[in-house]
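Chemist: Given next are the chains, with one letter for each unit.
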Amino acid sequence: LISFELSERQQQMKELAHWLAENEIRPIAMEAERMKRVPEQWLQKINQMGIHLNPAGFQSGKNQSGRLQKENEANRLGVIAMEELAWGDAAVTLSLPGPGLGGPPLQASGTPEQQERFLSIFTMDEPRWGAYAVTEPEAGSDVSGIRTTAARVDGGYLLNGQKIFITNGARASWVIVFATVDPALGRFGHRAFIVEKGMKGFAATKIVDKLGLRANETAELVFEDCFVPDENLLGGEELYERRHAKSSGFQVAMKTFDSTRPVVAAMAVGIARAAYEYTLEFVKKEFPKHGHLYPLAIDLLAESETDIAASRLLVWEAAWKADMGKENAKEAALCKAMAGKMALDVCSRCLEILGPSGLEGHPVEKWYRDVKVFDIFEGTNEIQHLVIARNQYAQYRLRV
Amino acid sequence: LISFAATEEEQAFVDMAKTLAKEKFRPAARRAESEGVLEPDLIRKVEELGFLSMELPEHWNGFGLSLLSQVQIVKALSYGDPGILQGLPGTGDAASLIRVLPDDKPVNRLKKLYGQFSEPIMAYFDLMAMEDGRFHLEKVEGGYRVTGTTCPARLAAKSQIAVLAARDQEGEPVVFFLQTDGLRMVSGDNLGLQYAGIGQFHFNGYFIPSEQVLSVGREAEDFIRKARVRIYILEGAKQSGVAEAALDYATAYTAMRKAFGQEIARFQGVSFRVADMAIQSRSAWLLVLQAAEAADRGDKEAEGFALRALSKAHGAALFNTNSCVQLLGGHGFIREYPAEKWMRDARTESLLYGRERELLHHWGLFLLEGEKEVKTVDLL
Chain A
1 LISFELSERQ QQMKELAHWL AENEIRPIAM EAERMKRVPE QWLQKINQMG IHLNPAGFQS
61 GKNQSGRLQK ENEANRLGVI AMEELAWGDA AVTLSLPGPG LGGPPLQASG TPEQQERFLS
121 IFTMDEPRWG AYAVTEPEAG SDVSGIRTTA ARVDGGYLLN GQKIFITNGA RASWVIVFAT
181 VDPALGRFGH RAFIVEKGMK GFAATKIVDK LGLRANETAE LVFEDCFVPD ENLLGGEELY
241 ERRHAKSSGF QVAMKTFDST RPVVAAMAVG IARAAYEYTL EFVKKEFPKH GHLYPLAIDL
301 LAESETDIAA SRLLVWEAAW KADMGKENAK EAALCKAMAG KMALDVCSRC LEILGPSGLE
361 GHPVEKWYRD VKVFDIFEGT NEIQHLVIAR NQYAQYRLRV
Chain B
1001 LISFAATEEE QAFVDMAKTL AKEKFRPAAR RAESEGVLEP DLIRKVEELG FLSMELPEHW
1061 NGFGLSLLSQ VQIVKALSYG DPGILQGLPG TGDAASLIRV LPDDKPVNRL KKLYGQFSEP
1121 IMAYFDLMAM EDGRFHLEKV EGGYRVTGTT CPARLAAKSQ IAVLAARDQE GEPVVFFLQT
1181 DGLRMVSGDN LGLQYAGIGQ FHFNGYFIPS EQVLSVGREA EDFIRKARVR IYILEGAKQS
1241 GVAEAALDYA TAYTAMRKAF GQEIARFQGV SFRVADMAIQ SRSAWLLVLQ AAEAADRGDK
1301 EAEGFALRAL SKAHGAALFN TNSCVQLLGG HGFIREYPAE KWMRDARTES LLYGRERELL
1361 HHWGLFLLEG EKEVKTVDLL
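Sequence order for the protein chains is A and B. Those letters in the first sequence? Residues 1 to 400, by the numbering used here. Those letters in the second sequence? Residues 1001 to 1380, by the numbering used here.
Watch out, some of these pointers could steer you wrong.
What the hints assert, rightly or not - Simulated coverage check for chain B against chain A, where a stretch passes if three residues somewhere in it have a Cβ under 8 angstroms from a Cβ of chain A:
no.	region
1	1039-1045
2	1252-1263
3	1266-1275
Think of the hints as simulated: they come from the structure by calculation, not from any bench. Every residue, glycine too, gets a C-beta built ideally from N, C-alpha and C.
Based on the sequences and whatever the hints tell you, model everything.
Modeler: This is the structure we're talking about:
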């Protein structure tokens, strides 16, 4: 039955996440932005509350074999929560302790031992992070073009290369790193490794300054003859043998996108909603109804609200399909393409309504800067268009 | 629980509707448009399947289907041809008013009149927002007197009965019906939806006896608003149908058409536009579904949801049909292909039902001022 009403659990998740966003995240957002980091004390406090960011881990459970699994509502719960948290502040949300974007590939492709070993570190004693590293200086959207190498050696692999734009990359206890066993093989040579902090030859060399999301750490990582043991090959050798498709490392990356794109899109919806709600209240209080700007605000706000609602439904549909175990690459791309662009448009419209007074002192200018990257990371808008188009033409066996 | 799965029964009806739309509506669309003719067998088939009486309540021998079920079927039918769908006989948009009216004496008079015709067609004119002063309703002894011209409405030119919603000289909302026989009707060569019998009536002191008044005052306003919500949601489904038709047609064409030695779909200027069409139609459709579900639940937000859904659906239909013409190039411009017709139909639909920016403006007033204040200034 088609329904847009939240279940009791979904409603509870929404309320809990919103409480956190409103009472813990939003109050420190502007200061964290100014400091370009989230205060350590705050991270300690949040961690002690047992709050961890794991977009793949909402409502996790174990099946009979003891393997962690996502239950029916996991993806929907994830996107509902992430919209609320990003409404509080996206930079602080992305800095929350937990496996972060490293969670989905670990839970989708990791062995039971790897999941136990790397997910069990997120305890309340001290904050820890996971990270996910695909992008390289010469390979962003073209994931198949990664050049970080993984040379087979006795007992494991030697990694060499560089990763850029890695969220929480320097502070992470482990990073899922994509590398190739042979660049000539393209995507067929891809493997994913769990590289642990402190491994010899692994270093975070730079924290970059950014247009937005300044409170969130974005790192460059370098691998110089970094030895990674066999047990840290994501999914183990058998993952690659079992699938008979030698491209499974690439497939891990692509499948990860199918679950993380709706999450990222949900965050974009949350930021857009924050800007819209802030501006709506501002107009209600500050704009005279007979003023010349009032009609302009009516139309811009209505357009924004409509686009936010439409994007949210696309996000929900992609998450619902994932929960149902259905192929959702197209829906994931649809929601990411729309939400990423929409959110910037909404923030821009809100600034237009606020006018010169929006240049400083209003969080909208920060959200405008923050949200731009949501149209870039986890696949640019252009890549989403490519994915949508490929799905659209698949029925004609035409690869575009 | 958030879910996007249609019920098995809904899916079965949608499949039937889609098959009918593709196999019967689409091939018949050009003749219906140019000659105003549709095979009686096809109309009978549509009637047999119950697609003419989905919105009517059971006491009108209708199916009283939920909006959520209806929008899925309506979208599938519009996918075949929006012009044919809008021109099918029956109660048209008046069905939504009948759906919300009580089964009382005045309504039974309308039902009795409707039953007197072998192939009855009813037109509905929502004149509440007419601001140009061309239509006047005056309360007089024993009824109302009508002077002036209505706005254009679909099925008007084919109708034997018209139901009108308007304000009298005191600003009081009134809903009444009349027989169209003998009335002056203007119906020209419209931009689109030509089979839909779009037309407007001219009145010159026409008397409406009080027996033909269905509702008056605050109660009437409430019925009109509720009917409008349903009509907007159903129109959103129709626009979603044509938006999806344009998307699929453009996809098929560009996958086959070659230029510069390859299928034009391989050029990202083409395939990205197709992707944009997919984003437009899907996002609009989900808003329509959400509005339908909210209306079925009696959610007070349904009225606002209907406004934004129809606005978005208009936008999607306009973008997709224009894009379809564009991607077909010269072929899109000529009448051998359906693209140019859909482009005209979609634009016509958006003008008959709210205009996309006007709908958004009303939604914005809802958001800023709340339903109550908007209602008092009668912006709907």
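Chemist: Work down the list of hints and note, for each, if the structure agrees.
Modeler: Going through the hints against the structure:
1. 1039-1045: Check failed, 0 qualifying residues.
2. 1252-1263: holds (count 4)
3. 1266-1275: The restraint on the region 1266-1275 of chain B holds, since 6 of its residues have a Cβ under 8 angstroms from chain A and three suffice.
In this structure, only the earlier hint numbered 1 is contradicted, and the remaining ones agree with it.
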